[in-house]
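If you want the building blocks of each chain, they are given just below.
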Amino acid sequence: MATAIGVGTHAEEETGLWSWLTTVDHKRIGTVYAMAGFIFFLIGGLEALAVRTQLAVPNGTVLDADLYNQFFTTHALTMIFLGVMPMGAGFFNYFIPLQIGARDVAFPRLNALSLWIFLSGGLLLNSSFFLGGAPNGGWFGYAPLSSVTYASGSGMNFYVIALLVLGLSSLIASLNFCVTIINMRAPGMSMMRLPVFMWMTLVVTFLLILSLPVLTVALLQLYFDRMWGTSFFSPATGGDPILWQHLFWIFGHPEVYVLILPSMGIVSEVLPVMSRKPLFGYSAIVFAGAAIGVLGFGVWAHHMFTTGLGPVPQVVFSASTMAIGVPTGIKIFNWLGTMYGGNIRFVTATYYAVAFIALFTIGGISGVMHASPPVDGQHQDSYFVVAHLHYVLVGGAIMGIFSGIYYWFPKMTGRLLNEKLGKLSFWTMFVGLNLTFFPMHFLGLAGMPRRIYTYDAGMGWDTWNLMATIGAYILGLGILIFIINFFSTMRKPADAGDNPWDASALEWATSSPPPAHDFDVIPVVRDRDPLWYDRDHNIAKQEVPEHNHIHMPPPSYFPLIVSLGVLLLAVGALSHLAVLALGTLVVIYGVWGWALEPTD
Amino acid sequence: MIVIVASLVLVGVVTALLYLAFAESLDAVRQPMTTYVPKSDHAVLVHEVYKFIFWLAGGVFVAIMAITLIFSILYRERPGQVARQFHGNSRLEIVWTLIPVLIVAAMAVPTFSTMAVTSKPAPDGALQVIAIGHQWWWEFQYPELGITTANELHLPVDRPVNVTLESKDVIHSFWVPQLTGKIDNVPGHDNHLWFTPTEARPEPYLAQCAEFCGMSHANMRFRVFVSPTGDFEAWAKASKADRVTPTAELALAGAQQFVTSGCIGCHTVQGQEGAAGKIGPNLTHVASRTTIASGTLDRTNANVAKWLHNPQAVKPGALMPNLGLSPEAIDKLVAYLDGLK
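Residue numbers (the numbering used here), protein chains in the order written: chain A, 944 to 1543; chain B, 612 to 952.
Note that these hints are calculated values from the structure, not bench results. Quick reminder that beta carbons are idealized off the backbone N, C-alpha and C, glycines included. Check the hints yourself; a few may be wrong.
Said to hold, decoys possible - Residues on chain A that point at chain B, a partial pick, calculated with CB under 8 Å:
| # | residue |
| --- | --- |
| 1 | 1088 |
| 2 | 1093 |
| 3 | 1251 |
| 4 | 1266 |
| 5 | 1300 |
| 6 | 1315 |
Work out the full structure, taking the sequences as your base and the hints as a guide.
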């Protein structure tokens, strides 16, 4: 059927499962990333509802301690690595070539490889529930709790291997996107004419390229400790648990900027278009984004203020953490400046973008509060931090992603999502998320620690916890309404047109959805807001030449084979040397075929 | 103009309601682990820093929420309205770069000056306590006083206490919100914190482990009793002494059962021959404690029986084995333990 998402009805477009499995088309890859990311987001949401249901009342009996510890661990791992990052990757994949005026990414087969490896990693992590228990040591996996002494099942082995696999996928994708953005921009698109979403993507790729290797080292060290009796993190035999924390957070902190920058980019796309005026302070937003990326490598030990670092590191990291609030604040002001004097079209995408401004500010404020080590001595490991992180991730990253969904849905599918359902979904989610997470500030200040499967009555925590649970269900309802909107919209005809929002960036210069080759003619860029410039200066769309030979990369099954090999390597690392050996052979065969196959 | 006023009123009302909710935290009776009612020198200093930052943050919150709301209403699309086309304003951007820098600098001053006080070493003459985290209970030693106890920490008012933080297994964290911010008990590391409690009272200050430490992290609670100096010294003298020797028949049978059931392998009862186990809590004066199972159960005979019958049912993953004790054995042990005042 030629009505699948992102697929036009052009004759050149193959259909059928095999065409999707061998695709190297960035739009199809992006679509699968986005859909899989959304499904995992729902799974993470169910894990959250389980956790919240258990905590609705004191001494709850919905989940036992063991299952609770698995669910709060997998909730975080799923949301971060299988939900938010892949949904971001979905947008990166779909829109990088379109926004820079290219026809695909620099390495299309590598693009497919990162997708299949991601899906393997997600499968692996979730299979652990059925294979002896999911990881239960928290998403941060602190040593020595993560050691084989205190976590004797296979859960933490799945933790290590799944994260190694997912890290590989992200690293490959980051290298690909970084090269694409730097090298494949259309004529006239200088770096300072790049859409802000592209700049944020570029910073994200650098953050991942530089931080994932550190996580990889830490995970391998944990694997060796667990499997072969090394002592990186066990004090009993000369290791240091704090080493794990440093390595983890040197990755972990840049990681949170990986989670938020794409949404900041999306808001920077949506607000100017809906306000019908250019983005306020483009250069400042770009430089602030880059500054956040660089400074983001200098704040990691603020996660370790209570570990006994001593006053000097505390002062240094406190100063750098407070400093990073400044570029973040600049962006907020610039977005407000974009709204100022505008003629704002309040469609659902706009609501989510404006909600981002307000809610991310709340998250930023609570974050800056515990940038002060004395204050952090009370806040750390309490629900105050849980409130902070969910305001920046749900009030920030998720709001941004949903804004992007409503904004780019017509481009990807040719259909506009229903506005009535969209606004209903938005308000339900907005009320739900605030009801869930604002009370957590109070719980933290009232002394409720994090990561506890139950609490006693008489602590003054009952009402806020019940409120948070009710809010979580309302948030879930809001997401359900969105899902209904999605399915009902897909039944409608694809008649949104090339540019329903009268937007300015290059993806709106082609059809909705774009043809397989993206652009009939590669556009020439004359301004930061190319389509507005051309509209205002009456520059006509370029003529399609009579002989328009466009060479697109052919499909290939070798990424799938290499990915299968990686999956076998992972399974082998969790079970048997024989499977590991088989995986190696499959990877070698896959790479061999890949290197030698013809590309025209 | 109406829009601006109405928006400010709305934001003001919401902020006021939220402020009232924050002020709930001032009730230390209904919220015994509140961070808002500090009762030690350092906790008060920290709370002052927090309050200052809270007000700064509150100002930013009100400003951003109000502006967002006002702009959303003032600039929503209207027929005939045209969006003003400008790309930026350098002067404005410089101002709103400087303002956050100033706010952050303002935060830094009390932060660093407080740290200068709290990071000094504990004064000479401070009471020395070692807090050792175990999965999932707290051991407290007073090395200068020759006392070892568990789960309930006694402190004299107005005297600095230097708590050395150790762990026998994984990372734990010592948190008594009304008395001190937390520092982690990291195995292999030499962490410590100190503070001077300023209010003696009969009710304990509640506390809990604040670093995820496995299955029963939620059940690793403890209590801190701050007493006048005289009362503390009486407690110390009694705690250092050997056990109260049982005289009643059932209690004597219980002392015997304590040996035959193997309890002495893990638990110390000072003065009972052979009862020198160091794996579980010291039980020499367990009957003078208000709770058992690391603060999760009131110390009543019924609860002690419940614990002995099935420790894992009370505390999932508890490392004390279920000994399969008969009801008679449990009765004897309960009688014995109840006499260990």
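Consistency of the hints with the structure:
With 8 Å as the threshold, the beta carbon of residue 1088(A) comes within range of chain B, its nearest partner Cβ sitting at about 4 Å, so the hint holds. Taking 8 Å as the C-beta contact cut-off toward chain B, the hint placing residue 1093(A) at the interface holds, the least distance being around 6 Å. The interface hint given for residue 1251(A) is met, as the beta carbon of that residue sits about 4 Å from the closest beta carbon of chain B, less than 8 Å. Taken as an interface hint, residue 1266(A) checks out: its beta carbon lies about 7 Å from the nearest beta carbon of chain B, inside 8 Å.
Checking residue 1300(A) against chain B: minimum C-beta separation of about 5 Å stays under 8 Å; hint holds. Here the hint on residue 1315(A) is kept, as its CB sits about 4 Å from the closest CB of chain B, short of 8 Å.
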